[in-house]
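The chain contents come next:
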Amino acid sequence: MRVLLLSFCCGLIFMLLQTTLFAAVLPPELRPNLLLILVVYLSLNESFSRAALLATFLGALQDVFSGTTLGLYAITQLMIFMLVRLFAARLNVESRRLLLILLSAGTLMQAVVISFLLALFADAGAVLQILILSLPAQLLVNLLTGFVLLNLLLKVQPLLGTRLGMAGIPYQSKHHGA
Amino acid sequence: MRHFLKRHQTLILAVLLLLAMLLVYSFNLRQKSATTLLERVVLAVTEPLQAALTLSGRSVGALWTRYLWLIETQEQNLALSRENRELRASLQGVSETRLENQRLRKLLDFVETDPRPVLPAMVVAEDASSWARTIVIDKGALQGVREGLPVVVAEGVVGRVIKVAPGSARVLLVIDASSSVAGLVQRFRTRGVARGNGRGLTFEYALRDETVQVGDLIITSGMGGLFPKGLVLGYVTQVQRTDASLFQQIELHPDLDFSRLEEVLVLLEPPP
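Sequences listed follow chains S and F, in order. So in numbering that gives the first Met the number 0, spot 54 of the first sequence is number 53, and the numbers just go up one at a time. So in numbering that gives the first Met the number 0, spot 116 of the second sequence is number 115, and the numbers just go up one at a time.
Chain S extracted, bound-state conformation:
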């Protein structure tokens, strides 16, 4: 319960930052998607059911702050979680680079799922064009922010007395004996 609440509060703070401070100084395509980074991290670090619920709930939270319809980001974040989990079970998640690669895959996946859902269920209009044009900048910004946050986290973790090392190790060792 503590982890769920902490992750949700973290997501809320990220959303507030994205909609206010970042919005004041950065154009939309250069604002990092902090919630996506959080979902990728949680997908590697938490148990399946907990991470699935968190991804869905954080996605719903993002829906409140963006777009017009509740549910779009909830589906998207859930699918990103599944994608990350699929890869995490097959790759060495001890590598920091892997988290960044998964973050890139998540950014691409997000653009694809949003485009697909909007094209299928709603009137996508010029959204596809906007998404494609902003994708390179989004990739770069998310990677850079992910790198900074990851390094920050690895430095802070020992001070808090929590687990050491990269995300994913507890999960991997518990489930695969790595």
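Simulated from the structure, these hints should not be mistaken for laboratory data. Just so it is clear, the structure is predicted and the values come from calculations on it, not from any experiment. Yeah, the Cβ is synthetic: ideal placement off N, Cα and C, and Gly gets one too. Hints may contain errors.
With the C-beta cut set under 7 Å, the calculated list includes, among others, these residues of chain F facing chain S [claimed, not checked]:
(1) A13
(2) L16
(3) L17
(4) Y24
(5) L48
(6) L62
(7) A78
(8) R81
(9) E82
(10) S129
(11) A176
(12) L255
Covered stretches of chain F, as calculated for chain S (at least 3 residues, CB under 8 Å) [unchecked claim]:
(13) 219-230
(14) 243-249
Guided by the hints, dock chain F onto chain S, whose structure is given.
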């Protein structure tokens, strides 16, 4: 059966969650104008925080652009000097300015003639995604705001309210890709639909034979009943006609900077 469920419980959970979210999404697509409980609660809780953060963000932004980020200052100086010379030249055409004045005064007449009360609101947050264009204002249901009300500034249409919480509301900007407003060319009365494309607007369904020229002013037509007639949508920047299409391809440039919106006006419902 029990063994099967236990063995595949994670997959089943994931599929069930995905299906549930798809149902929620498709239900909300049909109920677009309704604000859900989750949205109402989160918007109500976060609005004061957003207002405080936006104010501090603006201070940081001002500090950054005024004192640190001066790369474009010289270019802007040159551009402003050029603009100054052009303006001096254009001052000579006083009669032209007078005509423009009359036209603009006509446009502003709607405020006097429209019986709707106007509610000023402050922009406290922007959209969290890179593709949608919405803003959050600090006025909500308690102040009489409801879904569908038009939001304007002196320079023209801003958008319409799509979600309402007790003390705040979300506004879909006209430049959002899912926004469309019925409009007409002020000079030639050519009708069409102004659709957002993220950065500006396109004017669609204007027949190929109709006259539209670069620089023409596009205003709301009042069709659909959402926006009052005569509000500025933007100026025509590009017109393309092809033999293959029945309609012209027209690009519009809104006369306001949507990334710098601070105060807006909500046009409330007219008193009964």
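Non-conforming hints, listed in increasing numerical order: Numbers 6, 7, 8, 9, 12, 13 and 14, in rising order.
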